[in-house]
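Participant: Spelled out, the chains give:
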Amino acid sequence: MSSTFLGMPAPPPRSPYGTGNLRGDRKFPRAAHDELRNEQLRRNLGRATRTIRAKRLDVTGELPDWEALREAGSAIKTDTMNRLPELLEQLERKVTEHGGTVHWARDGAEANEIVARLVQETGSSEVIKVKSMATQEIGLNEHLESVGITPYETDLAELIVQLAHDKPSHILVPAIHRNRDEIRQIFLKEIPGVDPGLDNVPAHLAAAARAYLREKFMTTTVAVSGANFGIAETGTLSVVESEGNGRMCLTMPDTLITVMGIEKVLPRHQDLEVFLQLLPRSSTGERMNPYTSLWTGVTPGDGPQNFHLVLLDNGRTAALADRIGREALNCIRCSACLNVCPVYERTGGHAYGSTYPGPIGAVLTPQLAGMHAAKGDPNSSLPYASSLCGACFDACPVKIDIPSLLVELRHQHTEQAGATAEKLAMRAAATVMKHPKLFTAAQKGAGLGRVLGGRDGKISHLPPPFDGWSDSRDTAAPPKRTFRSWLASAEGAATMRAAADEHRRNEKDGKKEEDA
Amino acid sequence: MTTARDTVLGRIKDALALAPARDVTVPRAYRTGRTLPDDERLALFTGRLVDYRATVHPCTADRTAQVLAEVLRERGARRIGAPAGLDEQWLGAYDGEVQQDSATIPAPRLGELDGVVTASAVGCAETGTIFLDGSPDQGRRALSLVPDLHVCVVDLSKVEVGVVEAVARLVPGRPTTLISGPSATSDIELERVEGVHGPRTLAVVIRTDA
Chain A
1 MSSTFLGMPA
11 PPPRSPYGTG
21 NLRGDRKFPR
31 AAHDELRNEQ
41 LRRNLGRATR
51 TIRAKRLDVT
61 GELPDWEALR
71 EAGSAIKTDT
81 MNRLPELLEQ
91 LERKVTEHGG
101 TVHWARDGAE
111 ANEIVARLVQ
121 ETGSSEVIKV
131 KSMATQEIGL
141 NEHLESVGIT
151 PYETDLAELI
161 VQLAHDKPSH
171 ILVPAIHRNR
181 DEIRQIFLKE
191 IPGVDPGLDN
201 VPAHLAAAAR
211 AYLREKFMTT
221 TVAVSGANFG
231 IAETGTLSVV
241 ESEGNGRMCL
251 TMPDTLITVM
261 GIEKVLPRHQ
271 DLEVFLQLLP
281 RSSTGERMNP
291 YTSLWTGVTP
301 GDGPQNFHLV
311 LLDNGRTAAL
321 ADRIGREALN
331 CIRCSACLNV
341 CPVYERTGGH
351 AYGSTYPGPI
361 GAVLTPQLAG
371 MHAAKGDPNS
381 SLPYASSLCG
391 ACFDACPVKI
401 DIPSLLVELR
411 HQHTEQAGAT
421 AEKLAMRAAA
431 TVMKHPKLFT
441 AAQKGAGLGR
451 VLGGRDGKIS
461 HLPPPFDGWS
471 DSRDTAAPPK
481 RTFRSWLASA
491 EGAATMRAAA
501 DEHRRNEKDG
511 KKEEDA
Chain B
1001 MTTARDTVLG
1011 RIKDALALAP
1021 ARDVTVPRAY
1031 RTGRTLPDDE
1041 RLALFTGRLV
1051 DYRATVHPCT
1061 ADRTAQVLAE
1071 VLRERGARRI
1081 GAPAGLDEQW
1091 LGAYDGEVQQ
1101 DSATIPAPRL
1111 GELDGVVTAS
1121 AVGCAETGTI
1131 FLDGSPDQGR
1141 RALSLVPDLH
1151 VCVVDLSKVE
1161 VGVVEAVARL
1171 VPGRPTTLIS
1181 GPSATSDIEL
1191 ERVEGVHGPR
1201 TLAVVIRTDA
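Protein chains in written order, with my numbering: chain A, 1 to 516; chain B, 1001 to 1210.
Hints in this document: simulated from the structure, not taken from any laboratory. Glycine is no exception: its CB is placed at the ideal position from the N, C-alpha and C atoms. Hints may contain errors.
[Claimed, not checked] What follows is a list of derived Cβ distance ranges for each label pair:
#	chain 1	residue 1	chain 2	residue 2	range
1	B	Pro1020	A	Ser146	39 to 47 angstroms
2	B	Gln1099	A	Gly390	25 to 33 angstroms
3	B	Val1098	A	Pro196	36 to 44 angstroms
4	A	Ser404	B	Gly1111	46 to 54 angstroms
5	B	Thr1055	A	Gln120	40 to 48 angstroms
6	B	Ala1029	A	Gln120	45 to 53 angstroms
7	B	Ala1029	A	Arg180	43 to 51 angstroms
8	A	Ala476	B	Ala1021	23 to 31 angstroms
9	A	Asp34	B	Arg1022	36 to 44 angstroms
Could you put together the complete structure from these sequences and hints?
Facilitator: This is how it looks when you write it as structure tokens:
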């Protein structure tokens, strides 16, 4: 029985631990250490993020009302979250009226079962897939394979990732960590009947993928997609893409199954006027992406004649129940925050361990799947995977205050974690700083810390329990003498005297100018 | 037994009770109702289409048939598809074979065509976007997707300045496709490649007095 009927609200559950792709197997600092050594990755990422950043600035700068659009986008999403129950019920009613069927899934496992059952009911053992974050999040491909259904990714980058038995590393360009030579090797090894003389020219590689997938588009009877938007007012679903693989999947098969997170609903058809400006300009830095599809249920004689919409919770209601964290649900998955993030730019997406990498991933992942600090959950390290520089907030088209959310999650993490070494150290520091004599003594003692510093004067490894600190940052070794001891010395006194003289001279000059 | 639907809706209501909503009104201070004289709208639309590597062929309505025939000849299209509701006169000067589309033709068979000619519902100048909505002169969605060449006829009177004005002209509920240039990918080292799965060539015939 649902808790609603008892009149006593209970916090909704997170995405179940150990399912789907919302958790890596290592904490961020450990994973990042390894990724940072991959020079190819850093070169690819550096170039990609620089390029997209520049394009995004160009096309957002073109619009004098960009800030007004962001304000509207942010408010529409907040309004959506406020009215989620009625909007989802309206969406369900409209989709059903237009010949579609709506399913609800409490978590990823349930969504996977629903999709697998729907595919099995068609008699097909293959599905073609549009790139979708939601199905990546729940690990749909792995589930389909486990029940004997073969999923074919049709987005070029997702295809590369799938053929390489790899994981996506970016929301928008999932194979950005691969270069053309690697992609050529993957295609030669994995695409049946590919021309053995295939070279590494991107156009030729794309043509090889086109030839391989065209046959799949023409013969596969079931497709699975995600959705960028679901319009409650009309029951219209939407997919935004570039290659035409989305259009192929959405129109060629007999059956279409769309998996949509419950936060992707929008109230009105009119709201498209805002998001069709915000999304493409923020994500690929284009004025408009090459193809957008809008469909409403089933259209006789045009496209799939069976349409299923699976509405997915999987931790979204848990995020909604958090006054501050709720804002993360406004995310439209544009990836602008990834491309401006100095941390993401260097580590890449795999270090985050989640389907959602980068700044928004560091917020959204713990929101959806929890942090379980006591269990040493890798997700508990994500709120710290940031310099808090704020670039992500500036870039976000729906104005999600990611830095503040990260700080709040850090707070929640330390509350959960109980007495950590770091917390005890900070408490000790506070006591010391309140007492001048203790402070001077501590500073003298800190000079001993130089022993720990290497030849470069950096402390990279501290013994437990302080390794939690040194794992994620190098610390400069303490200086030879403290500021206080320098100030008390003859050199310090002379410097201070000189500074005071200069100040007096400047004041006098200033006065003369005023008088004149 | 509680259904997943009841559970999820119950969780949402609980969540909203635990963290009550802050009231919000949506500020729509962005630009709306923009207009531009015909020549400026045409120049903006053309520029943006060319930017996306579409080819643009402006003409007057009475020259539609000649211009379409020229574009199709230039592209070597000998056999083309056309939606059932396309103005018959438009293909009057074309000497190739025309297959009139119908839902009974299996969509994969459309791959045998050299190209397709359709009309369009709405245009957006600022983004270089063409909207197809499945009207009889535009046909089903697969028709403008499977063949490698899409020649699209756009009436300048249906081209709006911005996205806001263009979306306002849509009929909600129709299967709608927004097209901005030919199919493209930047997935390999961010190098743009035209034509992955959709048409590799988009030719736009703009009728300036229709």
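Participant: Does each hint hold? Answer for all of them.
Facilitator: Against the structure, the hints come out as follows:
no. : hint                                     : in the structure
1   : B:Pro1020 - A:Ser146: 39 to 47 angstroms : 42 angstroms, holds
2   : B:Gln1099 - A:Gly390: 25 to 33 angstroms : 57 angstroms, violated
3   : B:Val1098 - A:Pro196: 36 to 44 angstroms : 40 angstroms, holds
4   : A:Ser404 - B:Gly1111: 46 to 54 angstroms : 52 angstroms, holds
5   : B:Thr1055 - A:Gln120: 40 to 48 angstroms : 46 angstroms, holds
6   : B:Ala1029 - A:Gln120: 45 to 53 angstroms : 50 angstroms, holds
7   : B:Ala1029 - A:Arg180: 43 to 51 angstroms : 45 angstroms, holds
8   : A:Ala476 - B:Ala1021: 23 to 31 angstroms : 47 angstroms, violated
9   : A:Asp34 - B:Arg1022: 36 to 44 angstroms  : 42 angstroms, holds
Checked against the numbered hints listed earlier, the structure breaks hints 2, 8; every other hint is satisfied.
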